[in-house]
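Hey, can you work out the whole structure from these sequences and the hints?
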Amino acid sequence: MKSFSSMHPITQAVWFILTALCVMFSMNPIIAVVSFTGAFVLYIFRNGAKGLKTHLWFFAMWIGIVIINPLISHNGATVFLVINKQPITMESAVYGAVSGTVILSVLYLFRTFSQIMTSDRLMYLCGKLSPKLSLVMSMALRYTALFTQQTRKVQQYQKATGLYKEDNIIDTIRGGVRIFSIMLTWALEHGITTADSMTARGYGTGKRTQYAVYRFSSADTVMLILSVLFGAVTFTAQISGKMNMEFYPKLSLTEITPHGITGYISYGILVILPIVSEITENIKWKYYLSNI
Amino acid sequence: MEILSVEHLNFRYPKSKTNALNEISFKLEQGDFAVLCGATGSGKSTLLRMLKKEISPLGEKSGEISFCGISLEKLANRQSATEIGFVMQRPEQQIVTDKVWHELAFGLENLGLSHETISCRVAEIACYFGIEKWFDREVAELSGGQKQILSLASVMVMNPKMLILDEPTAQLDPITASDFMNTLYRLNQDFSLTILLSEHRLEDALPHADKLLVMENGRLTADGEPHKVIAEMRDNAELICGMPSASRIYLELGAKGECPLSVREGKRFIQQYKNEIRQTEIKEYTHSKNKALEMKDVYFRYERNLPDILSGLDLTVYEKEFFCILGGNGSGKTTTLSVASGIKKALSGKIEIFGKNIRSYKNQSLYRECVALLPQDVQMLFLCNTVREELEDAQCSAETLPFDLSALMEQHPYDLSGGEQQLLALAKVLAQKPKLLLLDEPVKALDSASKRRLAEVLLKLRDSGVTIVAVTHDVEFASEYADRCAMFFRGKIVSQGEPKQFFSENSFYTTAVSRMTREMYSNAVTVSDAVKLCRINGLKGTENDT
Amino acid sequence: MIHNQTFRTALKYISLILIIATVLVSSALFSDKQYASVSFALAVMTCVIFVTGYEQKKTGTRRLVISSVMTALAMTGRLFPILKPTTAIIILSAVYLGSESGFLIGSMTAVLSNFYIGQGPWTPFQMMALGVIGFVSGIFGERLSQKRSLLIIYGIICGIAYSFIMDIWTMLWHGQGFDIKIYLTALATAVPVTIQYAVANAVFLYLMAKPFGDKLGRIKVKYGV
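Going down the list, the protein sequences come from chains A, B and C.
So for the first sequence, the numbering used here puts the first residue at 288; every next one is plus one.
So for the second sequence, the numbering used here puts the first residue at 307; every next one is plus one.
So for the third sequence, the numbering used here puts the first residue at 54; every next one is plus one.
Accuracy of the hints is not assured; some may be wrong.
Simulated crosslink set (DMTMM-like; lysine to aspartate or glutamate; CA at most 20 Å straight-line) [to be verified]:
(1) C:K275 with A:E476
(2) C:K275 with B:E366
(3) B:K650 with B:E600
(4) C:K275 with B:E716
(5) C:K137 with A:E453
(6) A:K440 with B:E447
(7) A:K446 with B:E366
(8) B:K741 with B:E811
Short, incomplete list of chain C residues facing chain A, as computed with Cβ under 7 Å [said to hold, decoys possible]:
(9) I119
(10) M128
(11) G151
To give an idea of the chain C side of the interface with chain A (calculated C-beta under 7 Å), a few residues [to be verified]:
(12) V122
(13) T124
(14) F133
(15) F168
(16) I170
(17) G173
(18) P264
(19) G270
(20) I272
(21) Y276
Just so you know, the hints here were simulated from the structure itself, not pulled from any lab data.
Where is the CB? At the ideal position from N, CA and C, for every residue including glycine.
Now the structure itself:
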């Protein structure tokens, strides 16, 4: 068994894409709250109490959306306030709250996504689609690290020549272009050598394979099947309109049918899958430690 | 078995009037360890690149190169890619991917091998080269030596029959370079791998070599067993200055018998002399009373929770002095220059330049007619299309320089050789008319002739009143030209003194000559010291003629 | 694989027109969620088309590496304070290396910068925006490289266009489908940023065009890229 964060990139990507699509294309308070809970718990589970600033920032944004939406959009029948002759409606406020929650869940979801899907994992996925592009991206990432280092160095040494200043904005821009000019020649020359080193090692002699350090295990199979299954159920419920919500002119949730309920339940399971996997793994580890 | 044969190879670059390679013929047997030497611009790199068809330069070629009996043109792409390995000078430029494991797999991926085969081969090679510890790291985090080992490993993973290396140790410090050479020797011994290596640091390479090839102006002038080839070099000063110290002593004495290469052989050679007089007289060196640079109790670190790079450094350099700072990687040498030139601010301590606190130099007045800093990678100063424009950029007039750049005016700075680039960069910083010149590794990657040329320029500058502080790994360079040397260890100076006394007191961190002669002579540090003492003493069994 | 040169050029233009047309038509036809799906899918699709297109094209190794060098340089451009040369670098690379490389460099810069500032559902949109800027710059490459004034005006237009495209995203992100009011509000609040983009592009295109031309020219001659 593996925990979700150490699973195969394909498994992880499928889960993220399915969940993200479900949240982003539904405007349903239940889905929104479930997603938010899931995404938030997963994030906290992985990061603990760290990053209070991020949380504050996210929640400030949520409050912002809840307040701004009724000020911009005046649809809806239930007016509870009039500001500047503009009606502020309850429906619009609820809409703001739901869409804010959706945005918040997506933000948390992608935070976790960025952490789990490191550059080499994404590169691997990309390589499945196009090995060449994956290679170009991998090189670009390496160069970025290298060029950033080099740019800082160049900047310092240029200061010591007395030809580079940062006293005002014009000097800064001039100096910037000067450094860019130095970097450009250096980087291009560098690139040519790299290209030679690639051909010297047989690049372009035939079809390339992609080597990766990831293994597809039984845990991946289980996770993948479950994700696809519950994702599909949720989608069918969504597409058949069993989980729709009307906001204007009056709030009304589509009548709850068994099909709708299955949709909600399977979405709930989908969201909770990685958390379950992480927790089981933790328990197993504790159990294993206590048995040593 | 013959693995490589080159017959009557001629090559000319497009738009060039002369041949870069002229009538070159030689053969390599399987398991040979061959070293190719020659001055910069003699055609070494061109020749090596001609042997690897994927990266051969464009131009007019005639003659025949065959690998394992097959003409290079007829060799299948795949065979050429796997069986001939090529390692270049700058490790960070030949690394393609951002992760160590991916770099090792890169060549095998190109061959389209299966996942299982790749894992297996990558694992094997990581074990052999001791890469496991940093297998998951990012390439950007590696040291220079690790990067070069990684480039070697990622070529070796393809199982080449012949390995070509173009100055692989030029960017490394001497200790890492010598480790790298030993790794090559081990490959040669363990797998009977054929190695062809171009190098100007011959001290480490030659003792392992079976074959020495010498190139001059695009011609192969010697080819044979190293002892013999060097013994026949007598009249060629340019070439001789690049040979190992032991061989240079032998050649300068015009001695007979087998030419020594290593320190061990050199010691035996010197033991043939009577060695009754143990030291030469030392010229008194008195430094000026005025201080050019004074650092007192200086501390520096990059980040709050990182260790100190400079910890309580005290350093004094006097006016009109050529001062060399030596020491291992990460001992704080380069940082000292950055702090002394004001591009990095010391955490605490006092820094005075010509008796004035560095902080009181306002508005970059420090960089006007006062301090100049030459970076290790001089390409960091080049931004124009020609040498002329570069000089104009720095408002430097070519006539006032202590050296001549007029022949290079219309060339692109990147097309210059290492030595010429160094001179151009020096010209650019000299335009600041510095009184204190700080140099970071000025002779790294230079061949011995260029090294000598640069040293002459620096001595001329010193005589005209410029104080020079150079950070270097090159003990031979420091011993020959410095007025005083200091050894750095963990952010401060542990010993300093005039080179003769300084190097004869050190037993490990010292010149080859000092290691060779320490039992016989008390203060021989450079080749000329040893030669002088040998002459005075005379061979055993002969009359002294002095 | 598509070998025919004219056919491929035609395909290039057709796909571009198709993208713009779909954005316009869908915004006119759909007024709710579906529009979001359509344009989101479109952004993803654009990326996929070019990714696969790039895979099939036979590109020399050196050219391939130069593309990643330029991407990395564009990323390093983010280090600049206030005015960022990133878009200017993308435009210039496209002008000298052609529209396919332009699209690749632009869209790759978007994905890779998000490794530092955070991936999100906006990634495909940014890829499309920067990619299209690169692509179009490549199409007008020859004319732009000859006249600097034209290049600067083009840079300003690109700065504004980038804002216009990304504000479609801001609008969608607030989840109400196509809503001209929100779009205009977003555009209005983005005015300072738009000006910053436009000025940065103009300034850096003015200053960088010459060194860029010189240096890439040298590489083209010396190494035959």
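Going through the hints against the structure:
{"no.": "1", "hint": "C:K275 with A:E476", "verdict": "holds (11 Å)"}
{"no.": "2", "hint": "C:K275 with B:E366", "verdict": "holds (16 Å)"}
{"no.": "3", "hint": "B:K650 with B:E600", "verdict": "holds (16 Å)"}
{"no.": "4", "hint": "C:K275 with B:E716", "verdict": "holds (15 Å)"}
{"no.": "5", "hint": "C:K137 with A:E453", "verdict": "holds (16 Å)"}
{"no.": "6", "hint": "A:K440 with B:E447", "verdict": "holds (16 Å)"}
{"no.": "7", "hint": "A:K446 with B:E366", "verdict": "violated (45 Å)"}
{"no.": "8", "hint": "B:K741 with B:E811", "verdict": "violated (32 Å)"}
{"no.": "9", "hint": "I119", "verdict": "holds (5 Å)"}
{"no.": "10", "hint": "M128", "verdict": "holds (5 Å)"}
{"no.": "11", "hint": "G151", "verdict": "violated (15 Å)"}
{"no.": "12", "hint": "V122", "verdict": "holds (4 Å)"}
{"no.": "13", "hint": "T124", "verdict": "holds (4 Å)"}
{"no.": "14", "hint": "F133", "verdict": "holds (5 Å)"}
{"no.": "15", "hint": "F168", "verdict": "holds (6 Å)"}
{"no.": "16", "hint": "I170", "verdict": "violated (9 Å)"}
{"no.": "17", "hint": "G173", "verdict": "holds (5 Å)"}
{"no.": "18", "hint": "P264", "verdict": "holds (4 Å)"}
{"no.": "19", "hint": "G270", "verdict": "violated (11 Å)"}
{"no.": "20", "hint": "I272", "verdict": "holds (5 Å)"}
{"no.": "21", "hint": "Y276", "verdict": "holds (5 Å)"}
Of the numbered hints listed earlier, those contradicted by the structure are 7, 8, 11, 16, 19.
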